[in-house]
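A.B. asks: As a plain string of letters, each chain reads:
There are 2 protein chains.
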Amino acid sequence: MELYGYWRSSASYRARIALNYKQLDYNYIPVHLIKEGGEQHKQAYRQLNPNGLVPTLVNGPVILHQSLAIIEYLEETHPKPSLLPGNAQKRGAIRAIALDIASELQPLINLRVQQYLVRELDADDNAKQAWLAHWFKQSFTALERNLEEVSGQYCVGDDFSLADVCLVPQVYSAERFGIALEDYPLIRTIYQRLLELPWVAAAHPSKQPDAES
Amino acid sequence: MELYGYWRSSASYRARIALNYKQLDYNYIPVHLIKEGGEQHKQAYRQLNPNGLVPTLVNGPVILHQSLAIIEYLEETHPKPSLLPGNAQKRGAIRAIALDIASELQPLINLRVQQYLVRELDADDNAKQAWLAHWFKQSFTALERNLEEVSGQYCVGDDFSLADVCLVPQVYSAERFGIALEDYPLIRTIYQRLLELPWVAAAHPSKQPDAES
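Sequence order for the protein chains is A and B.
Quick note on UniProt numbering: the first sequence kicks off at 1 and runs consecutively.
Quick note on UniProt numbering: the second sequence kicks off at 1 and runs consecutively.
There could be a bad hint or two in this list.
Heads up, the list lumps identical chains together, so a pair's fine if it works in one copy or across two of them.
Straight-line Cα separation of at most 35 Å, DSBU-like style, residue types lysine-lysine; simulated pairs [said to hold, decoys possible]: (1) Lys-128 with Lys-42; (2) Lys-42 with Lys-90; (3) Lys-128 with Lys-207; (4) Lys-90 with Lys-80; (5) Lys-35 with Lys-90; (6) Lys-35 with Lys-207; (7) Lys-80 with Lys-22.
I should point out that these hints are in silico values taken from the structure, not numbers from a laboratory.
Kindly generate the complete structure, drawing on both the sequences and the hints.
C.D. replies: Written out as structure tokens, the structure is:
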């Protein structure tokens, strides 16, 4: 399998954690999101991924984009160990957290949106930082409340799951953007616990071949 | 089952189509997103849905938010007729389109983001319209190209699927926001075909008890 990604992209980070957890070998092919206006916009890459976003997974004839679609595909083709453990109710709770992060928070803070704010809406550094802080606060406040109900050792009970796969890169982004985390003790505690797991540690942006200092 | 939703919310619209397709009876409980600052922010509703977003599905002890998590739950508990037909590759293509819409486009154009643009970034009507037009163009251009590869009668081949469930409300939103669709012939053709299906027609915002003229 080949994973096209970018070291600091949170969606790429999710895919790496999932592949590692399932002990699947893959070639990591870096797509530089910034250099020369962004390699993701080049024709060759757009043929793999019409959105010009990362990651993309290639597995023989299968070409898949969207990190959660990639991970559901891996779950169906390599079910053990499972990233969606438990019954339908528990799997629902896991997917809800994954989507709270991937469908509510991350789309608002990603690179292309930040670029639009500066380019088209004249956002200065303060306005951009306020935007990031606002959406992190909205999402993390709700997530912390949700975790009070459903978490155990990890986001949903005591089993590692897709919810944890999504949490780690989002807290990494929060730290990168200077978002204060003291109001979210469960998020912080679970994040620290997750970072110790070998399949999570190996997926860290700083460990990737395209990492920059 | 009870579905908390709002007639014009595209995520609620998705859930209604899925419930109808699977012929599941449900009580529809309107949550008015605008009246009195938004019923979704009230304490009673936040206990069901920590994000203060719609929809929420309640099925006995199961309380679920996030439309795609709700639909995956319905798929697992009521697998026939399937919204994820086919093998893992096809299901991947279906989920990728669903997420292109639900995780890339919709989060950028929803009510709370439009409110933030106006309130915090002084966006006037032109700037707000340019924002909407930009993200629709980004997503629909990529989706149209993707559909050239994977569509048949419907978004992915000739089977109705989760991809179609997500397409209908998004094109409805595009029309509502005055987005021109002439550059997207496949999106338009498939959308028109989908509107004829009885389980789609019954889910239309105008048919809901909380619809306003």
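A.B. asks: Is it within a copy, between copies, both, or neither that the alpha carbon of Lys-42 lies no farther than 35 Å from that of Lys-90?
C.D. replies: Classified as between; 26 Å across copies, 40 Å inside a copy.
A.B. asks: Regarding Lys-90 and Lys-80, is the shortest C-alpha distance of 35 Å or less found within a copy, between copies, in both, or in neither?
C.D. replies: both (17 Å within a copy, 21 Å between copies)
A.B. asks: Tell me, please, which holds for Lys-128 and Lys-207 at an alpha-carbon limit of 35 Å: within, between, both or neither?
C.D. replies: For Lys-128 and Lys-207, only the intra-copy Cα distance (28 Å) is at most 35 Å; the inter-copy one is 40 Å.
A.B. asks: Tell me, please, which holds for Lys-128 and Lys-42 at an alpha-carbon limit of 35 Å: within, between, both or neither?
C.D. replies: For Lys-128 and Lys-42, both the intra-copy (27 Å) and inter-copy (29 Å) Cα distances are at most 35 Å.
A.B. asks: Is it within a copy, between copies, both, or neither that the alpha carbon of Lys-80 lies no farther than 35 Å from that of Lys-22?
C.D. replies: Classified as both; 7 Å inside a copy, 29 Å across copies.
A.B. asks: If the cutoff is 35 Å on CA atoms, where do Lys-35 and Lys-90 land: within, between, both or neither? Let me know, please.
C.D. replies: between (42 Å within a copy, 33 Å between copies)
A.B. asks: Up to 35 Å between alpha-carbons, please classify Lys-35 paired with Lys-207: within, between, both or neither.
C.D. replies: Only inside one copy: Lys-35 and Lys-207 sit 20 Å apart there, 49 Å across copies, limit 35 Å.
In summary, the structure agrees with every hint in the numbered list given earlier.
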